[in-house]
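Q: Take a look at the letters that make up each chain.
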Amino acid sequence: MRVLCPFAFSAGLAALFLTAPALAGRPVASPAQPRSEDHPLRTLVESERGIQTRFSRTIDIARSGRLLESAPPRPVFFTKTTVGAFDTQHAKHDIMLDPMTGAVVATMELTFKANGKVLSAVGFTMDEGLSVTSVTMTGGRAASFSDEVYTPSRVTNVAFAPSLQAGEETTLTIAYSGTLACGAYPESQGVVCTKGKTFSYFAHQSIFPYLYDPQSPYATGLDSLTRDIVLRVPVGTDVVATGEFVSDSLDGQGNRVSTWSIGKPLSRSLGMYVFAGKLGLKTVPGRTVPTTLVYPAPEQDVDKRLSSWSSPVLDFVEKSAGTPLPFLKSMSLVRLPSDVGDPGTATFGMTLLSESYSRVGDLMHEETWAHENAHLFWGIVVPELDTYESRLMSEGMAMLTELDYSFGRHFSSEDRDSYLARRFVPIGLDLRLLGKGLPAVHLAPGEALPDEYRTQLYTLWAYYKTSATLDHLRVTVGDDVFEKAIAEYVKRCSFVGCSPDSLRDVLSEVSGKDLAPFFARWVTGTQRPQVMLGFAPTGNSGADVELTKADDEPMTLELWLRLDDGKLVKKRVDLGPRTTTVHVDTPGHVLTVSTSPRHDLLVDSVSTLEGDLDFDGETDGFDLIKCTRLVGKKYESTGAVGLWNITETFDPRCDLDGDFDIDEEDIANIASHFGTLRGGQ
Amino acid sequence: MKLSLFSASALLVAVATGCSSSSSGENPPGPLAFNADPGSNAGAEVYLEGRTEGERVIVDVVAKGVKDVHGTAIRVKWDPDALALVEAAPSRAWSKQAVLLSKEALPGTLAIAWAEKGDGSGHDATEPLILGTLTFDAKGRKGTSVSFRTERSAVVDHEGKTQTVAWRAGKVPAR
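Protein sequences, first through last, are from chains Y and L.
Heads up: take any position in the first sequence, counting from 1, add 842, and you land on my numbering.
Heads up: take any position in the second sequence, counting from 1, add 39, and you land on my numbering.
Hint data in this document are derived by calculation from the structure and do not stem from the laboratory.
Mixed in with the good hints there might be a few duds.
Unchecked claim - Below, computed lysine-lysine pairings styled on DSBU-like, alpha-carbon distance capped at 30 Å: (1) L:Lys-116 / L:Lys-103; (2) L:Lys-200 / Y:Lys-1468; (3) L:Lys-106 / Y:Lys-1409; (4) L:Lys-135 / L:Lys-116; (5) L:Lys-103 / Y:Lys-1468; (6) L:Lys-142 / Y:Lys-1409; (7) Y:Lys-1475 / L:Lys-200; (8) Y:Lys-1475 / L:Lys-106; (9) L:Lys-200 / Y:Lys-1476; (10) L:Lys-142 / L:Lys-210; (11) Y:Lys-1468 / L:Lys-142; (12) L:Lys-135 / Y:Lys-1468.
If you're wondering where the values come from, they're calculated on a predicted model, not measured in any experiment.
Okay, chain L solo, but in the shape it has when bound:
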């Protein structure tokens, strides 16, 4: 019980100080991490796979179990007080002609459109295929989920049919 009380005290301090970055006299933040949500049994999914480099969180957007990825519309959300988007880079899987757009349209909301043009077949993501990579800078101790807004996200095949996929996101734990 004492441990819990301690944790609560620490949280209160954090809130009271705004706690957007470490300050002198505070302990330095703990290690930065990205924890992917647990795997599912879904045959087809789009998921996030992350790693950290210093204060940077690098998250791959991966499709798996989808035979024909012709285009994607993806909406990613996170707490802008916890992470700052550095870039959203499409992978090299996309052709030079592809539409490759992303925009943090609202703080903490990223709209992505990665799509091939024309009616050629899409990319084979039967095996995991990185669609793109999101890079964030941590802004402090605060944790956040990095999630998909599933009703605004879709994968379509070359016929324009929406593919049924599970969306699996992840979290950056508070430090």
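Chain Y extracted, bound-state conformation:
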């Protein structure tokens, strides 16, 4: 189902979505873990993009076989391709599953259209133990199928004639059955499914076919569909599926019939899960919508924690998005056992997180829980038009939400700006240390992330750069304006593919300011411009502030004016070409003038006076004692896991030569300017 984004007309029709976005948690780190490409966290990041990478691998293998001979050569990793014609509308699944044996008898009735061009085949992958028994099609079309196994998956191609002409719709009914093999993906620790367990796990590409367009297997735009799901399991079996719960009954033939619904369009590449067996099921307190924590029984302490965090997390996620989650009948929150090798994700009315994350400690575990649940909006309810074009409004927003959540829940006694600035320090350091040459947050049409963009660099691009940009953006427009704009964005983009351009347009409308220069500089461009600040107090009632940058493009910055009595005056100022002079009134004598530290990742603000690190217009003892205690501190990234270093105390301002080492040279540099004071004081 393709819905035209109301304010992204150019991309709306063309956009399809092939592979799954990585919605799950980020790498898990502990400071003691060494830097290594084989770091377990790397593995987690890679596997959290599981469907995408697993599907790509299957297609890569299949490309050399018969099934996909007509497919275009595999592009470099993440390259966007032309949009496919496969436009899914609705799927009806009827699956009889014995979770103990893995026996499956199923049908899928898929309604789809041809988008913009002729469509003559569709494809899907599923567990290699399942195979198609029949295909039928409406509209008098003859359908045939062929398949081939690429362990652990089976790739099936359904060809039909006559071809579907652009705009035409048809319904394909596929019957399939067999016994699940539940193999493992060789390049990761993930498994397709587990069977015969009290907590049996059936991921996408196991019992639910993963749909794709064989003519454009790498198309990356959004294509979504609604689904009705009927699951038939042996009586006495607990079962939970992706979607909202509809009904539960017995069919009189020894089966429990559980029905679920995905009543709003969901990207066809997003995770479809079933859990069955003797499940741990616990009602999450404090939610109006019935919300269940699902876990491998027996209940453990981690389940109690997850349960207690869930209501505050979901409430916060809704507050941040400005609207309740649209899952009105039920929600499922899942603690995944680590042995399935699935770090988690979010999908329709369902959040999943591996228990592996509990090892990072309660604080970060809870924060990661917030991240995953934030994806219920950012990626599920509010999908991106093309997840390879940008992750600004999925990972970026989820990151922002998790940081905000932790602040509100655990650090609200701190100054919020300082807290956020502190959390972004290691992120900024990782970006500078490891992310040189990262492309823009929003890739240009046709631009591709290079092939080597795996895990670490992907994390930097998808998670860090996006969230840093968003936080800088909300300081630029003001948190209140940003909040209103996000609520409006959610309103317009729910179940519609939107892009960063949409955010720009909404923000411009809500703020009354043209945000195009911001987006050109920091979203479609990559800059960290230097801005030099100087000021002169005007008696005890303000200061004249001069800001100088090297270009003529507009920029808005929040100035912080610290007064002698410690009070802080914040003032947002618009910078024009080159040098801008503004007067700011204050209720006392101005001691320092700086920019909000939340700009620091994307704006290199410096005093006009060398060595003046605290922006008081003097190079004195304060500048030195800010840094002397940090001598010997080095920033040694464990590889794009800076987000987890919440106690990081490395102050980049003390690292004057930018070598990630606060050392004698840096102190000598400050000392060489020591004693430059304002006259007349």
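Given the coordinates of chain Y, work out where chain L should sit on it, guided by the hints.
A: The following block gives chain L in isolation, referenced to the frame of chain Y:
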């Protein structure tokens, strides 16, 4: 009342003559002194404790009631017509690696940075600890306060936290 009038006359003479040093025919200046400001009840303070040697005023900068003195940024002000800075010497409390800087950046304004490097613990100044010593030469009869500019002065611990201290200065009376 006569005494007051006399004093006023003397002051007028002093101003009229510029009075930066004694001259022939004038009475020699009175004794040089440094009077510390009265003690406070503050538990933690940085104060000046002075003495004189001839025409020289020697002032210790002392911290007291502070458990962890890792670094200090101090701004001291005086009337440059009354005193000339000879030196600002850190005490031996500081390690050899410490940053020990001072500069009379403006006439009568001394910026000081005495700070240890690294994240080791600071100096225990629970009991009075001399941080450094300022030496001035008197330039004449004129008196001056020797004061801290408190908003530009701070003591930090090894975590970089600013310690709450009272700043107590002193005066060199006119002679």
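Q: Compare the structure with each hint and give your call.
A: Hints and how they fare:
1. L:Lys-116 / L:Lys-103: holds (21 Å)
2. L:Lys-200 / Y:Lys-1468: holds (10 Å)
3. L:Lys-106 / Y:Lys-1409: Judged against 30 Å, a Cα distance of about 27 Å means the pair holds.
4. L:Lys-135 / L:Lys-116: holds (27 Å)
5. L:Lys-103 / Y:Lys-1468: holds (22 Å)
6. L:Lys-142 / Y:Lys-1409: This hinted pair holds, its Cα atoms lying about 29 Å apart.
7. Y:Lys-1475 / L:Lys-200: Since the Cα atoms of Lys-1475 of chain Y and Lys-200 of chain L sit roughly 17 Å apart, the hinted pair holds (cutoff 30 Å).
8. Y:Lys-1475 / L:Lys-106: It holds: about 24 Å lies between the C-alpha atoms, which stays within 30 Å.
9. L:Lys-200 / Y:Lys-1476: holds (20 Å)
10. L:Lys-142 / L:Lys-210: holds (21 Å)
11. Y:Lys-1468 / L:Lys-142: Distance of about 18 Å is within 30 Å: holds.
12. L:Lys-135 / Y:Lys-1468: Between Lys-135 of chain L and Lys-1468 of chain Y the Cα gap is close to 19 Å, so the pair holds against 30 Å.
This entry satisfies every hint, going by the numbered hints stated previously.
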